[in-house]
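Keeping their order, the protein sequence lines are chains A and B. First residue of the first sequence: 1, per the numbering used here; consecutive thereafter. First residue of the second sequence: 1001, per the numbering used here; consecutive thereafter.
One or more of the hints may lead you astray.
To be verified - To list a few chain B residues with every Cβ distance to chain A over 10 angstroms, as calculated:
| no. | residue |
| --- | --- |
| 1 | Lys1096 |
| 2 | Thr1101 |
| 3 | Thr1344 |
| 4 | Gln1377 |
| 5 | Pro1408 |
Unchecked claim - Computed from the model, here is a short list of chain A residues facing chain B with C-beta under 8 angstroms:
| no. | residue |
| --- | --- |
| 6 | Cys80 |
| 7 | Ser205 |
| 8 | Met418 |
I should point out that these hints are in silico values taken from the structure, not numbers from a laboratory. Everything numeric in this text was worked out from a predicted model, so none of it was measured. Just so you know, even glycine gets a beta-carbon here, dropped at the ideal spot from N, CA and C.
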Amino acid sequence: MKDYQRLSEVRDDIQSGALNLDDLVNHYLQRIKAEAHLNAFIEVFAEEARAAAAPIQQKLLNGTAGKLAGMVIGIKDIICYKGHGIAVGSKILENYKSIYSATVVERLLAEDAIIIGRLNCDEFAMGGSNENSYFGPVKNYADNTKVPGGSSGGSAVAVQAGLCLASLGTDTGGSVRQPAAFCGVVGVKPTYGRVSRHGVVAYASSFDQVGPIANSVEDAALILEVIAGADEFDSTVSSQAVPAYSEKLKFEGKKRIAYLPEVLESAGLDPEVKAMTENAIERLRADGHTVEPISFPYLEYVVPTYYILTMAESSSNLARYDGVHYGYRSPNATDLESTYKKSRSEGFGAEVKRRIMLGTFVLSAGYYDAYYAKAQKVRNIIRSKTEEILKDHDFILLPTTPTPAFGLGEKISDPLTMYLADIFTVQASLAGIPAISIPAGNNSAGLPLGLQFITKRFGETELLAFSKYYLELFASQPVVSY
Amino acid sequence: MKISDRATDKYELVVGLEVHAQLATNSKIFSSDSASFGAGPNQNTSPVSLGLPGSLPKINRKVVEYAVKLGLATNCRINLENRFDRKNYFYADLPKGYQITQDQLPICKDGHITIRTKSGERTVRLNRIHMEEDAGKSMHDKHNSSSLIDLNRAGVPLVEIVSEPDLRSAEEAAAYLTEIRKIVRYLGICDGNMEEGSLRCDANISVRLKGAESFGNRCEVKNLNSIRNLQRAISYEYERQVKLIEAGETISQNTLNFDAASGVTSVLRSKEMAYDYRYFPEPDLQPLHLSKEWVEELLKSLPELPEQRANRYVTNYALSAYDAGLLTSEKAIADFFEKVIQHTSNFKAAANWVVGPIQSYLNEQGSDISALQVSAQSVARIISLIDEGKINFSAASQQLFPALVQNPERDITDLIAEMNLSIDTNSDELVKFIDEAISQYPDKVAEFNKGKKGVLGLFMGEVMRLSKGKIDPKTANKLVVEKLESLK
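One chain only, chain A, in its complex shape (with noise of 0.2 angstroms):
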């Protein structure tokens, strides 16, 4: 079997009789099982995956089919789908089911995509490297001493190893950017209130977002254009219309790009990485391109304040696993109090008990100004900084991560250097902006490594049509390694 890259070369191929949909399923049955291993998937739907194939491929030959036809996609296991379990990569959820489907969810099969199983991800996607999984960390398929990044590690391994065509992840802080960039892929935040988040389990609230995560930005939006736009269950979703961006990817012009010298200068950036931004900036000046450093002071702000404020809105959106109504009820637990305080206890990680105290504590009387209330006005002023460049340039141009994928196990008992790793997706997040991560060549081992654009609000069209056009100049010419 052909190693689909695109969704156009697999329908190419289905309408000249090359290709049979329910072989292309089983194709990557086969594959998901070949690759155990790697532990991207919590659940595969096999059987319904099969089912689905040959409606699917007789709408295609009819002409009848929808948008993502023929696309064999997984979803991050933390998008609602009926029927279906969700655990969020915690045992609190193991044996939950969800009882309705999140807006995507419905949104993928509406257009004809085949949902193959959930992937794994850190629990309640607090993590950067998929190691606070319940149900174990997952491997880079680069290098399986490799962490594939986090939270959506599972969703990043799954397009990068084949199992699938593409994924849904979720970005909080960078979840689907860091992954993506690990593991050589193209992954997607859209803006704060693009995508609904109705059926998406909640970590924060006011910085999670659903993202796509594919081998192409054509791939990658067209399934934003899907499973983006208002949704009646979701108030905090832009009412905005939605662009057909997968018919909007040809870039003309010359644009005006910023990157921050203080990202250059920061202390953790692996030389390597320091040397693929460099050259990102050297070729697309060389294409006639402006781009000029544009100083943002607040570089050291962005990590201390994401942390403040995602870790208090998630001490309150992980209240509801208590142990009373769904989910993991303590064995040991024999009234109300100790119901929750075992269920709890025994239910989360250590990662995810860390992130509830500590929210816990910035949302306290006596603390609460000091940290929950001043991490929103800094917040407001990183957003207000960062919306000033972008109204001066079209693009912010830096690198995903500042290393690339590091060894499993090698920072998990240090939960500072891990969150650390987040300084370059997290002011987007902040900033409730657009950014996306694109495979960017290997460093010298032959690991990934991801750069980053982000532009203002809503600027999806923009930012996909240019991404793809930086893909097509640096494959003119690609870096072996840095």
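On the provided structure of chain A, position chain B as indicated by the hints.
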């Protein structure tokens, strides 16, 4: 545990109330689940009410409309920019582990209402009115080893009306709560039923030396489920707190429970055990932006409120403030009164009939005015017949009205004839009754002649008794006086 009058003179009671009113919307505040009462356990639920993973709230516009109407009716400033916050605490009937409420920017601020008590009219300031969701219900007595939880009520819309500590007696607190109940019923936003919990009240109670500027430590008494229990709890707390202070102790700032059976308060939570609710802005809901035009439209659409209506009755119909207050205590009663006066210009008599015989009849039957079969027109007709001297008030109220209730379709004149209630215009017979009454009490006749006019009532009563109420009291009165004068 009575305290001395001396202590009562020394200490002033200070009360502020927090009243929760369940809004009479069809659906819940943040979902399309039915908000109705009485469905089977957990029937009115969905992922939102159940707090399932991934569910999100969505504001019901009707709730905002009702809250604004209440704010306008209570002279509040409407915050065009307001927002929801989360109040975090764990309880079994709170499925999300937090309640969505309004903390920092409530929808209504700084209002006031007027209350009337024996001691006169007073203005009570409102601090705020905010919107929030109700919790579910825990039932601890339905199963031998477990508590059962019904989430039908979870997400039912509430407004919380918070007064300033302006109330100075149990009577004032009762008058305030009565007024709030009247207002929500007039607006049609809440049925005001305290027994079913549609209207609930917590009281913040403290005492201080009369003339003191600062407040004493306050106790919050929870879940007062009737106006009577509110008064009992306040009276109990006043005495308890005064006694403690007189004994040289300080009041602990506790949350208390009032036991209606014993009439005693007990500690629910001490200050040290008070929850830290960790309020913060609800990120799942956008802040609300209300347009000035919309609020102005709502202001125009407000119905006439009880206070305005009572004032109109005093001005236009020359009723006493007391009668006007009684008439407007329930919107349906006032509406009935207004129907009666469409058919008679004797406003005073119409008011007397509505708050008198009709109200007592309804009270006896335990029914309400909407169930009354007798038409307003019939009541007006009875009033005219009395005015025309065809029937007297006591016969009309005690005999004719109950008969009419039983046979609302019967013609009034026929009933009067059939029941033999018309005033006897035969003066021979009347003279006979008067002679008989006067002959029974020669000593009273002597007293009258000595100038004791008060005995006249005795003779009148006797004449009425003998005539079985069928005489015109005015004529009878005149004839009795003439007869007595003639005996001098």
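Next on the checklist: Of all the hints numbered above, which does this structure not satisfy? Sort the numbers upward.
Outcome noted: 1 and 8
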